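Starting from the known structure of chain A, arrange chain B on it as the hints suggest.
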Amino acid sequence: MIEILHYEFMRNALFAAVLVGIACGIVGAFVVVKKIVFISGGISHAAFGGIGLGYLLNINPVLTAIPFSLLSALAIGILSKKTKISEDSAIGILWSVGMALGILFISLSPGYAPDLFGYLFGSILTVPISDIIIMLVLDIIIIVTVLLLYKELHALSFDEEFSLIVGVPTQTLYLILLCLVALSIIVLIRVVGIILVIALLTIPATIAKQFTNKLRTLIVLSMILAVVLTVIGLCLSYVFDVPSGAAIVLFLAIVFTICAGLRKYLASKAK
Amino acid sequence: MNKDTIVKLENVYFAYTNVSVLEDINITIKQNDFLGIIGPNGGGKTTILRIILGLLEPDKGKVYVFDTSAKKARQHIGYLPQHITFDFDFPISVSEVVLMGRLGKRGIGRKYTKTDISVCMAALEKVGMQQYRNNEIGKLSQGQRQRVFIARALSTEPKLLLLDEPVSSVDTQWQQTFYELLHDLNKEMTIVLVTHDISVVSTYIDKIACLNKRLYYHGSKKVGMHKISEMYEYPVQLITHAPAHDSVGDNDK
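Which chain is which? The protein sequence lines are A and B, in order. Letter by letter, the first sequence follows residues 187 to 457 in the numbering used here. Letter by letter, the second sequence follows residues 185 to 437 in the numbering used here.
Just chain B, same shape as in the assembly:
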């Protein structure tokens, strides 16, 4: 496997009890890629992330992450799930949530070190939530919680960042800041972002993968945006986002 290959899926198939979700997926993610996986609901976007994390085993095919198995590699991955369900009464503070990202860094039962704490505070600062560090997580707004969970993903100091719909509930103003943050982080790490917001893809992301059970396109954005309408099963839905339409048009020319 090539040295700068971070993730490689070969002929991956996956089904949830007979409902096929992924078929014959071949994808290579390279060092410092900023890959956007786009596709309709139920297209297998989240499933592919969970396979990369080793939370799901493919029915067929091979998965390599950092040249090893997904399970061994996942300590180098920062993950933001699409939904985190928990009891809003759960007794845990923002900083305790972010510190969870440091749990694997030292042996079980060891105390957090000063490094752990400073890494977490830096992560909270990056998402602009440091003033809430002592607040209870359940008392924050949905958007604020999502920012805390992004900080938690960053506190693992990942080499690969997997983000599942990271901006679904944050305000537009922060979205801008967030994508600029990702742009900065991309210098140090590979980023995979799952989204159905195609306007994001057009502005910030350099590679795209169109996923709807099968991988319809995988490669540079320029060619991809042009091909989306041909290859995609639900082109209308995606292209109706106004800014997306413009950018697709731009790429066309």
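If we strip away everything but chain A, and leave its shape as in the complex, we get:
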């Protein structure tokens, strides 16, 4: 097993797993406690438009996906708060429009789109070093923002109205949170792909939430869980020779089921 570390692609994959864990641990904790899982799903699918644009313009699709997912995050936030469109309708519209644009752009771009499958379902083994650098920068942005705005984001997630009354600019802060979700999705795209992103944003934080009632601990715990489980999922995909994105997500789901069952068992024993 250890011999796989000799390969550069494997070392990159491990780096990628750590960077993914950091992003989805921090942002996933807020996604789960603020209950914006489906907004995150919408943003990630809308980001496919950006991937398509990358193919069309012949630029790294990860780069073009950044403005695309940021814009769709802002659009969902603004549409649902400022207009009479309900939040889930706004999500549905952006979700499908983003996907449609992606398909249109790809069909317009010359030639064949070779690693499109990787953007949809992830392929951690093919992450180039250039993408790792992008992921690292985005991780740093996420960490710094959350360190600066931790207590405001915590308050916003708990009671938006009261935060507004005491003078927190809740609208702006909410849009910042959605932008963090958008950035974390970019970090995750290469590893699990647009369609499976939501698993990494929700499952580690949901597992961690069963074991702690402190937000700080929740963030740290989901970071550790995400890194460890992604790496194990990666190894399993290597051993069984199955697609890495699917292996990671299914392994997360198995651990989640075991933890939920274990907790229920312990709770019943305690009574």
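Derived from the structure by calculation, the hints contain no laboratory data. A quick note: this is a predicted structure, and the numbers were derived from the prediction, not measured. What you were told as hints is all true, and nothing was included just to trick you.
Partial chain B-side listing against chain A, Cβ under 10 Å, derived:
| # | residue |
| --- | --- |
| 1 | I268 |
| 2 | D271 |
| 3 | S277 |
| 4 | R286 |
| 5 | E320 |
Stretch-level coverage of chain A by chain B, calculated; a stretch enters the list once three of its residues show a Cβ under 8 Å from a Cβ in chain B:
| # | segment |
| --- | --- |
| 6 | 325-337 |
| 7 | 346-356 |
| 8 | 387-399 |
Restricting the straight-line Cα-Cα distance to at most 25 Å, the calculated cross-link-like pairs of lysine to aspartate or glutamate (DMTMM-like) are:
| # | chain 1 | residue 1 | chain 2 | residue 2 |
| --- | --- | --- | --- | --- |
| 9 | B | K246 | A | E347 |
| 10 | A | K221 | A | E273 |
| 11 | A | K268 | A | E347 |
| 12 | B | K323 | A | E347 |
| 13 | A | K395 | B | D273 |
| 14 | A | K221 | B | D273 |
| 15 | A | K450 | B | D271 |
| 16 | A | K450 | B | D273 |
| 17 | B | K295 | A | E346 |
| 18 | A | K337 | B | D271 |
| 19 | A | K221 | B | D271 |
| 20 | B | K323 | A | E346 |
| 21 | A | K337 | B | E320 |
We put the beta carbon where it would ideally sit given N, CA and C, even for glycine.
Same frame as chain A, but now just chain B:
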């Protein structure tokens, strides 16, 4: 505007998509008033508080709070909403909830200071919840949670305290303590309390406003209690509270 006027509503109208809730409301709340707003469900009590907070914009009319707009003034207001819905699993402790009241006191992204923490601990002590400060808020009883939210309203060090049905789920023993606390706080701040419990009005409150879409009476309690039965649309419901009946009778004499 007079210097000791805290809140002034002039000809305020409000409707939730064509359902009129408030019509032609004129009310002046002065410094150190202890005003009880009473009225039936759907009478617009909560709406009037939300207009004072600038959370709702009136369709017509003017709102002045601390001589400025409601939105600018709300940092001086402590607010206890009637219902706070949240996930009982939410990872937040009692002291973190109360510290929320301090968020606007310094710039975004700044750490809480020692003053913030001591103000919050004092607020928790006032509501008798300091021993629960490290508990998770979702694990407390409804009455205990309400006391924590009162502490949170106090931690903003408000000049105006707006309380929406503050005793709806706390036990009677604590209600007594609570009204005595309010009586003390009233020396430093103006208090507006929304309630349908008229016995409270008779004992502790010095001014009342009877609200049922329109403002039926606004002024001193003595005259008001006498007039409630004439002006109120649902007098029977209110007067059937036994202690209330007695006190209305007393005021009559």
